[in-house]
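There are 2 protein chains.
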Amino acid sequence: MKTVILIGARGKMGQAALTGLTKHKVITAGRSGDVDHIVDITSEQSITELYEKVGHFDAVVNTVGLCEYETFADMSEAQWMSTIMSKMMGQINLVRIGQKYIADGGSFTLISGILNVKPIPFAIADATTSGAIDTFAKCVSLEMPRGTRINVVNPTVLEEAWGVYGEMMPGFQPVPGKLVGKAFERSVDGFITGEVIFVDA
Amino acid sequence: MKTVILIGARGKMGQAALTGLTKHKVITAGRSGDVDHIVDITSEQSITELYEKVGHFDAVVNTVGLCEYETFADMSEAQWMSTIMSKMMGQINLVRIGQKYIADGGSFTLISGILNVKPIPFAIADATTSGAIDTFAKCVSLEMPRGTRINVVNPTVLEEAWGVYGEMMPGFQPVPGKLVGKAFERSVDGFITGEVIFVDA
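Residue numbers (this note's numbering), protein chains in the order written: chain A, 1 to 201; chain B, 1001 to 1201.
Don't read these hints as lab results, they were simulated from the structure. Misleading hints may appear alongside valid ones.
Stated by the list, open to error - Computed beta-carbon distance windows for the label pairs:
(1) Asp104(A) - Phe1191(B): 49 to 57 Å
(2) Lys53(A) - Glu1167(B): 41 to 49 Å
(3) Gly163(A) - Ile1192(B): 36 to 44 Å
(4) Gly1055(B) - Gly147(A): 53 to 61 Å
(5) Gly1194(B) - Ser76(A): 22 to 30 Å
C-beta: ideal position from N, C-alpha, C; glycine also.
All chains should be built: construct the whole structure from the sequences, respecting the hints.
Structure (structure tokens):
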């Protein structure tokens, strides 16, 4: 049994990840709500406090990253930057700071999303930062200390979220959260590192 | 003959690009030195001023983007951000702002670099932002207005820069600037869009 910090535990992607973590002691975290720890991944200090409070842990699973949706013509630099600071720099900081705290042989699992491979209107900032995170995990895996690992889950839209996103994703086939949970399980319980685990139908 | 704005014209990559632009009227730009226009791509205002001053142009070729080099363990958020603001957000802003000024059917050509495909120590920020720019160009090409195009040149190290970078890139084969110039030429004078043009040996 591993101790796993699950960030975004109350969201739909967090609930999907949870289905793959049933063997483990899961410590929940998120920006608000009924979680063990409040954390804002856009703040270095908040991330550091989370790790300090938890103490020993074997894995970090992140399922959050705020993205702004807008046409490229109308997306402002501020909208780009809020996406970059959360989905990209926030996730990088989870690993950058966490590498000093995580147990030997531990793992980080980040989240990207299929829109960097299957682009749709309004999602250029989401796609670009997903491309950044996929690349980051592949390359940084070669530098991780003490046998620690890093992977990214890159899922298509969840069946559980189809009601919200389905309209803007014509021709996409949603997948059940339990299938996405398998990807998180394979990252946390496997020995792979530097992989982008696509979950698509 | 097209009017091409070449940013970073005095650098080694700019000189390489120039060998592919001999048919055209080239307007040079850069942070300093002997160029037609001074521009700082990390400033929205500076980019806007460049386009306003030039007036009519058919192509933008960018060969600059500052990256910090450090181990992942030691790279600070500030170092990450200076890389992101230049190589990533700076290049996105060149296109974001430039889409309103560029002539119908014009083209943008950005620069990334082979380290997102062939990682080396100290280059995680370079690799990550290269991955972002490659993804950005592929996805945003579907949104470009008035028949405008966008591509990225993703070169390995130049022969002309081997003296500076060779030491940190064991097993890499440098390529001549003239070969990289062909990639810029193919982007500016061709009809391709949304492509990452790799130049590697």
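Please name the hints from earlier in the document that this structure breaks, with their numbers sorted from lowest to highest.
No numbers; nothing is violated.
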